[in-house]
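Asker: Sequence:
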Amino acid sequence: QEIAEYFRGLREKYYDPLGLIDPKAERVDPSIMVHQIPGGMFSNLLEQLREQNAVHRLKEVLEEVPRVREELGYPPLVTPTSQLVGIQAVLNVLSGKRYSIVPKEIKDYVKGFYGQPPAPIDETVKKLIIGDEESITCRPADLLEPALDKIPEDVKPYIESEEDMLTYALFPAIAPEFFKKRKAKREEAKTSIPQERMAELEQVAAISAAIAAYTASLGEVKALTLQRARRGISPWVLAGRQSLAEQGV
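Residue numbers 1480 to 1728, in the working numbering, belong to the letters of the sequence shown in order.
Among the clues, some could well be false.
Stated by the list, open to error - Using 25 Å as the maximum straight-line C-alpha spacing, the simulated DSS-like pairs for lysine-lysine come out as follows:
hint	residue 1	residue 2
1	1583	1606
2	1606	1629
3	1590	1606
4	1538	1590
5	1635	1660
6	1629	1662
7	1586	1605
8	1635	1662
9	1635	1659
10	1576	1586
11	1635	1606
12	1629	1605
13	1605	1635
14	1586	1629
15	1576	1605
16	1590	1576
Unchecked claim - Here are the in silico distance ranges between beta carbons for each label pair:
hint	residue 1	residue 2	range
17	1645	1612	27 to 33 Å
18	1624	1526	34 to 40 Å
19	1612	1640	18 to 24 Å
20	1613	1656	36 to 42 Å
21	1641	1536	48 to 54 Å
22	1670	1515	55 to 61 Å
23	1590	1522	26 to 32 Å
24	1690	1664	25 to 31 Å
Calculated from the structure, these hints are not laboratory results. Because the structure is a prediction, the values reported are computed rather than measured. Just so you know, even glycine gets a beta-carbon here, dropped at the ideal spot from N, CA and C.
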């Protein structure tokens, strides 16, 4: 064990001089059978501890994760609940007093806004996190007000489909900017193409649409691609040779 610890320190010192890869995330760690932390969550934990100059407390955090997970009703260690468990474990260790600091997301989870946990939440811990507040037992989305019919007037000119409506409902802060840039790109593309070229492209698009409609009416869509001959010389080779012959090569 002493020898292993010695060489582990050397490995961490010389493994990656530029600091691009954390050796702790690369080595084989049998304790994963206990804490069950997936790779992405592990790297996030390391980054959080590094920001607090507390990487040396990683072992304490890894021991805290299973406790937090059990107390919170065994949420699955996948995004986003894996991050909730990891952050709370880090806060419990660094603060020195368990659940003295609780993020809003953890409170929402305990209140039931992430759905029902696989197992009951520890009542003592629940009291520490939300006090006397009640948890919901219904489907969280049932508490939301309808949003699709609340699109502002200045955004409506940019809405082209139901997908755009959903985009705005989900991301109201950034969706308008996306819509404006999309429209600007289209206008720029139109002005950068000569008028005669634009007419030609429109004709090609119309023909393509007609072909697509016809093939769809046949009940199957066949890819229009050149097929290489099974035997003999391919059409591409013949065309290339003909071109070379015409050039006198």
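Asker: Each of the hints needs a verdict: does it hold here or not?
Answerer: Status of each hint after checking the structure:
Taken as a hint, the residue 1583 and residue 1606 pair is honoured in the structure, with Cα atoms around 15 Å apart against an allowance of 25 Å. Among the hinted pairs, residue 1606 with residue 1629 is inconsistent with the structure: their alpha-carbon atoms are about 37 Å apart, more than 25 Å. At most 25 Å may separate the alpha-carbon atoms for a hinted pair to count; residue 1590 and residue 1606 meet this at roughly 11 Å. The hinted pair formed by residue 1538 and residue 1590 fails the criterion: a straight-line CA distance of about 30 Å is larger than 25 Å.
Taken as a hint, the residue 1635 and residue 1660 pair is honoured in the structure, with Cα atoms around 15 Å apart against an allowance of 25 Å. With a C-alpha separation of about 22 Å, the suggested pairing of residue 1629 with residue 1662 holds against the 25 Å cut-off. Note on residue 1586 and residue 1605: the hinted pairing holds, with a Cα-Cα distance of about 9 Å set against a maximum of 25 Å. With a CA separation close to 13 Å, the supplied pair residue 1635 and residue 1662 stays within the 25 Å bound.
Between residue 1635 and residue 1659 the CA atoms are separated by roughly 11 Å; this keeps the pair inside 25 Å, and the hint holds. Restraint check for residue 1576 and residue 1586: the C-alpha separation of about 17 Å stays at or below 25 Å, so the hint holds. A distance of roughly 45 Å separates the Cα atoms of residue 1635 and residue 1606; the hinted pair therefore is violated under the 25 Å criterion. The hinted pair formed by residue 1629 and residue 1605 fails the criterion: a straight-line CA distance of about 36 Å is larger than 25 Å.
A hinted pair counts as satisfied when its Cα atoms are at most 25 Å apart, and residue 1605 with residue 1635 does not qualify at roughly 44 Å. The suggested pairing of residue 1586 with residue 1629 is violated, with an alpha-carbon distance near 28 Å, which exceeds 25 Å. A C-alpha spacing of about 15 Å is found between residue 1576 and residue 1605, which places the hinted pair at or below 25 Å, so the restraint holds. For the suggested pair residue 1590 and residue 1576, the alpha carbons sit about 22 Å apart, so the restraint of at most 25 Å is met.
The beta-carbon spacing between residue 1645 and residue 1612, approximately 31 Å, falls within the hinted interval of 27 to 33 Å. Checking the proposed 34 to 40 Å range against residue 1624 and residue 1526 shows it holds: the Cβ atoms sit about 37 Å from each other. A hinted range of 18 to 24 Å for the beta carbons of residue 1612 and residue 1640 is inconsistent with their spacing of about 40 Å. The hinted range of 36 to 42 Å is satisfied by residue 1613 and residue 1656, whose Cβ atoms lie roughly 38 Å apart.
Checking the proposed 48 to 54 Å range against residue 1641 and residue 1536 shows it holds: the Cβ atoms sit about 49 Å from each other. At about 57 Å, the beta-carbon gap between residue 1670 and residue 1515 stays in the expected band of 55 to 61 Å. Checked against the hint of 26 to 32 Å, the pair residue 1590 and residue 1522 passes, with Cβ atoms roughly 29 Å apart. The beta-carbon spacing between residue 1690 and residue 1664, approximately 27 Å, falls within the hinted interval of 25 to 31 Å.
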